[in-house]
Amino acid sequence: MAGEVEKQLESLGWHLPEVGKPQGYVQSVRSGSLLFVSGKFPKENGKLKHLGKIGREVTLEQGEEAARLAALGVLATTKQAVEDLDRVRRVVQVVGYLAIAPGFDAFPVLDAASEVFVKVYGERGKHTRLVVGVAELPQNACLELQAILEVE
Amino acid sequence: MAGEVEKQLESLGWHLPEVGKPQGYVQSVRSGSLLFVSGKFPKENGKLKHLGKIGREVTLEQGEEAARLAALGVLATTKQAVEDLDRVRRVVQVVGYLAIAPGFDAFPVLDAASEVFVKVYGERGKHTRLVVGVAELPQNACLELQAILEVE
Amino acid sequence: MAGEVEKQLESLGWHLPEVGKPQGYVQSVRSGSLLFVSGKFPKENGKLKHLGKIGREVTLEQGEEAARLAALGVLATTKQAVEDLDRVRRVVQVVGYLAIAPGFDAFPVLDAASEVFVKVYGERGKHTRLVVGVAELPQNACLELQAILEVE
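Protein chains in written order, with the numbering used here: chain V, 1 to 152; chain B, 1 to 152; chain Y, 1 to 152.
Please note that a few of the clues may not be correct.
Note that identical chains are pooled: a pair holds if it fits in a single copy or bridges any two copies.
[As the list claims (entries may be wrong)] Below, a list of computed lysine to any residue pairs in the SDA-like style, where the Cα atoms sit at most 20 angstroms apart:
id, residue 1, residue 2
1, Lys119, Arg56
2, Lys79, Glu57
3, Lys119, Leu51
4, Lys79, Pro22
5, Lys126, Glu57
6, Lys7, Ser31
7, Lys126, Ser33
8, Lys79, Gln139
9, Lys21, Lys126
10, Lys43, Glu152
11, Lys49, Phe107
12, Lys21, Phe107
13, Lys43, Arg30
14, Lys79, Lys126
FYI, nobody ran anything at the bench for these hints, they're computed from the structure.
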């Protein structure tokens, strides 16, 4: 039976992506009540979406969709780790690494990731945040998210 | 009544900046005894100071002031979270993201941030540290700091 | 007497580097059962190895050696902190910052760092991971690693 959080996701029309199985590392590690989540990329149907730099190959709107997809990847990984997304007590930290065309102000796209956590979890979805523009990301992704959550 | 740490700040001539109210995320989250602080920028009187790349628009000396201002931003946010800065048991981790002119060695400016924590907290201000040069920072800031503290 | 983990390191032919003494910050901070480790560079005999950008001055193979050396630096720092490497319960998080020639896919070199943790610790060496390509690193290093471990 789906929990409250998953019903909320469904009502928003958002779907959790499949979680890949990396070689040599893992998607999440729990230590005490903290759940550390590996870097998440914008994926749909198992494929990276919106390749390139935001402001060059990727529009702001596409960057926002990328941020939303990566945030859903954080939730999918969290579900894999704790089984029920209702067990999240707090989204603690979200770090956004953006691949940006030089001088382009792409940073507001991270709001679309923050919005996922807040729409789904309300007050306990309100996280600390940091965003930087990096030179390159794996597989030419336009965005990578890192997250730490507190779980039951 | 101001605690020991704030008296020390005052005697050093350092002032805590105001803490902004971001939309969609928060300035700090406490989980157990760890306080996670959102990315902090060099601000004075509510305005970003020293815009551009260190080694191009921003001198090393200005970069050091930027690092100090961002560190004071970490303390201001911490005070907002735990009310009294004396309740900090340890500065655990500081990450510095610098916007640097290509090939310029701007990294020592982070020492000015470390100095704030050590001058204010002594041994318990000694933190782990990481510094990298990134491609772009929000609003053309020259520096962004991330911090984790252990609090009472 | 060397513990199991150090015997394993020896049998793999890997040596722990010396741990430097930074000014103004420290190599590790323990908070509860989490050990935060400062940024680690690829060092051999106290000197940085493989300077420059991966894909330009540094080959993929050299980048892999750099990743391995930095991972051994994490272990050396951990040993300094908890005395016996057998006291590591879990490698929680590894972040790799790579200096990369524009457009070059250097990211797989981080596998060589992950491999160190998994070969030495097996299942408990399996960590969460994030890798980004940054613009500049201190002293022209090609790679910097950040790590969090859970310790006894």
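Tested hints:
1. Lys119 to Arg56: For Lys119 and Arg56, neither the intra-copy (29 angstroms) nor the inter-copy (41 angstroms) Cα distance is at most 20 angstroms.
2. Lys79 to Glu57: neither (32 angstroms within a copy, 42 angstroms between copies)
3. Lys119 to Leu51: Result: close neither inside a copy nor across copies, 26 angstroms intra and 34 angstroms inter.
4. Lys79 to Pro22: Within one copy only: 17 angstroms inside a chain, 28 angstroms across chains, cut-off 20 angstroms.
5. Lys126 to Glu57: So Lys126 and Glu57 fail the 20 angstroms test inside a copy (31 angstroms) and across (35 angstroms) alike.
6. Lys7 to Ser31: neither (28 angstroms within a copy, 26 angstroms between copies)
7. Lys126 to Ser33: both (17 angstroms within a copy, 18 angstroms between copies)
8. Lys79 to Gln139: Neither way: Lys79 and Gln139 sit 25 angstroms apart in one copy and 35 angstroms across, limit 20 angstroms.
9. Lys21 to Lys126: This pair counts as between: shortest inter-copy Cα distance 12 angstroms, intra-copy 28 angstroms.
10. Lys43 to Glu152: neither (27 angstroms within a copy, 37 angstroms between copies)
11. Lys49 to Phe107: Answer is both; intra-copy 18 angstroms and inter-copy 18 angstroms each pass.
12. Lys21 to Phe107: Answer is between; shortest inter-copy Cα gap is 17 angstroms, intra-copy 29 angstroms.
13. Lys43 to Arg30: Result: close neither inside a copy nor across copies, 23 angstroms intra and 30 angstroms inter.
14. Lys79 to Lys126: Result: close both inside a copy and across copies, 18 angstroms intra and 19 angstroms inter.
Going through the hint list in order, the structure does not satisfy hints 1, 2, 3, 5, 6, 8, 10 and 13.
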